[in-house]
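Could you put together the complete structure from these sequences and hints?
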Amino acid sequence: MDETAWRRSLGNPRVLFGLAVLALLALAALGAPLIAPQNPLHQDLLASFAPPFWHAGVVPGHLLGTDDLGRDTLSRLIYGARIALTVAVISATAAGLIGTLLGLAAGYAGGLPDAIVSRLVDVWMAFPPVLLSIVLVAVIGAGLEAVILAIVIVDWTRFCRIVRAEVLVQREQDYVAAAVAIGLGPWRVALQEILRNLLPTLIVLFTLEMGIAITVEAILSFVGLSIASGAPSWGGMIAEGRLYIHQAWWLMTLPVGCIIVSVLGLNALGDGLRQTLDPLVRR
Amino acid sequence: MPLAYLVRRLAMAIPTLFGVAIVDFVLLRVVPGNPIAMMIPPGASAADIARLRAFYGLDQPIPVQFWRWLEALLHGNLGVSIDLRRGVLGLVMSRLPATLELALLAMVLAVALGIALGVGAIYWQGRWPEAVVDGIAGLGMAIPDFLWGLLLVLLLGVLLPILPISGRIDPMLSTHFVTPFYLAESLARGEFSLVGSLLAHMALPAVALALPLTAVIARILKSALVEAMSQDYILMARVKGLGRARIIWTEAFRNALVPTVTLSGVQFTFLVGGTVLIERIFSYPGIGNMAIDAVIGRDLPLIQGVVMTFAVLFILINLLIDMTYVLLNPRVRHG
Amino acid sequence: MSALLEIRDLHLEIGTGRAALPVLRGIDLVLEAGEVLGLVGESGAGKTMVGKALLGILPPAARITQGQILYQGRDIAAMPAKPRLALLGRDLAMIPQDPMSSLNPVIRIAGQITDVLRRHLGLSRRAAYERARALLESVHIREPERVLRQYPHELSGGMRQRVLIAIAFACRPKLIVADEPTTALDVTVQRQILRLIRDLQANSATALLFVTHDLGLVAKICTKVSVMHAGRILEAAPVAQVFTRPQHPYTSALFAATPRYDRPAEALTPVPEALTARLWAEAAAYDAARAAAGVAVGGRAADA
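Those protein sequence lines, which keep their order, are chains A, B and C. 191 is the number that this note's numbering gives to position 191 of the first sequence; each next residue is one higher, with no gaps. 231 is the number that this note's numbering gives to position 231 of the second sequence; each next residue is one higher, with no gaps. 91 is the number that this note's numbering gives to position 91 of the third sequence; each next residue is one higher, with no gaps.
Simulated restraints on C-beta separations:
1. Gly143/A x Leu319/B: 35 to 43 Å
2. Asp59/B x Gln275/A: 58 to 66 Å
3. Gly243/B x His153/C: 25 to 33 Å
Because the hints were derived from the structure by calculation, they are not lab data. Bear in mind the structure is a predicted one, so any value in this text is a computation, not a measurement. Virtual Cβ for every residue (Gly too), placed ideally from N, Cα, C.
Structure follows, in structure tokens:
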């Protein structure tokens, strides 16, 4: 993965779209207190169900209207980005680290470690991922940490499977034999050579995992298990909006739109990087 | 050969199933938090708690608990639901058919649509239909079933309300079903108003479940067809004077099916796993919806039972996919 | 009365625009009913492309830029798909180079013979099956019933080539293109297959366009020879004449490079590099002259 590969990526429209979405997310997440017009938790029952700007009867200061408790939708969406991005970055990083380490160990060491990890992955694949994360959150307890932990526990296999398979391929390559021949120990070979060759794959998986994590967080909030209720998470807003779907359809539509745009952006980024950087991941 | 293969595959599923049982058990008994605390009603006395613990065998050491649970499991005894005060197996069996009917409809939809899209893209390769298929496949793969469900609720349930968005059948239809397989039963009885109502209620959740699988099948089938169409035997077929549609269907399609089945197999289990949320979104009375209720109600035995059911379902689907692969590939079949 | 096949001034390019690469530079050949024409040349001469152009199975990037392929007086290259597909398999057939990859791996042998019979002769399933069995017998396959039920991977290379020969002769075609039909086979099998093709050809009076790099094979099977290099035909004559009095130095050079039973292997001399270099220079000069004469590269000739 040299510089030209990165430059080629920046010329890819998918990558550019993905980066734009990611930048927008980051901006909303980091700058939420500065950008958000209102306090996302502030309730104003007199101003509940204010319609968004394209409807008649807009309440000033509520560009996208308010929910059943009169909380400002736009502000909640912006703060929701903060929760989404936090979950996405932390859980994708942790799942990536754990999965990669286990995949490396299994693929490179072979034998018993490989048998154990492979069996573990088999067992994990026999669970419906969504149900497993729901059960996990119920067991661990609500809260952002529980959500992240649940995603990591469920999704490390995504990294592990692909890393293991790639290591098995890479291990046979000449450069690894050459590195061993010049006296580098097996772990140094594994980490330096194999990891460097796996990097593009990992970046792509990481991007895709971020999209998955955002969706799972929304799912858990939707089911009522994520963050404390009232906290401005997109999934929570969807669940609340679902109740008023016939009176105020936009309450559910807006957070759904936010998630779809985020997921599409991260997918486009992953696909684009796969095309430009990554000779390994092929589906 | 297929029988020996089936037996070997079944044998391979046993350790996986055992692993699932361990995880399922550990998940809900050993993790932080006293399971009894999760299930006691507020204001229970110490004696009540002790009785409850004894009833569920929670006063025993963990290995003993596990052994008893496993033993019961092997006898088909999944315990008693705390909330619903009924046998878990019975509950699962009463709800599973609704889920199976929904998942099966979604699979049929996805396979039919995915094949149509993949084959269409090759038939009109290089022209606009191919681009349309690529677009549909890209969106279908990027957006998960949960979001499709919500989008469909909004579009066809609310903005353009032409389809019902909750339940399994119109409650105004007075009827009595003998079996829990409503769709199969009303088809068998030839009562098409019931069939219509059932299908209308299943339409949106089934489409939401089917879209990601449709996209995966369309994309994999398309690239497998491209690969197949470049083979020498296709040249041979062209020299025989066979038409393009005929060549795609009878010469290339069957060869492309083998990689398509292998690579899209996992997605079939994802579809079944997706029923959990889709049933929630559409208030569809299946096992998945019950699972979420069980989680919210901290109904441990029911959660465990549902998780085991899904695991068995997943293993069965994988088995079926392997069998399909063997049936489609003469080399493996004779090997 | 027009010849069975007449190729006139055939030009073919791969790629378009500036990247266009000339492959055929004005091929002419005539094949009468029942004749066997050997199209001989080294790899890269373009001989395979002649056969593919004739059968309409050119790779997607290849285009005929000039010339005609007249089958019974009609230009197949310019024919609409429908009548062309009616000719393919019935009047025109092919024996492919690689029998291993030319049979569909997921279709039983029976299906791969009956499809062409049913397509062109309108036979019933039953009748087509009987005819397929007879065809397998005619290519000396023992136990045809069993082979009909088998899949390609269960057959040896030689058996597969026999099946493909049976398919080629299935509808009693008037012309078969055989592109290096023995190259992919074991030496012992090569002889049998060659004899089989020759016998079937002789019995059915089918014309054969025999594409090969091996002059030795040409001597065994052909009545006429066209020697190709760099997309041009350097010499065309009856076999006896070419073998006794080759006119073109390249033909002589090919002879010197061809292994023969009456000559030790050490006596083989490769075609001299100076000669091939001269011939390639001629080809380049031809391209340049065409370009200068205003023949649009990448398009059909305005009026050549």
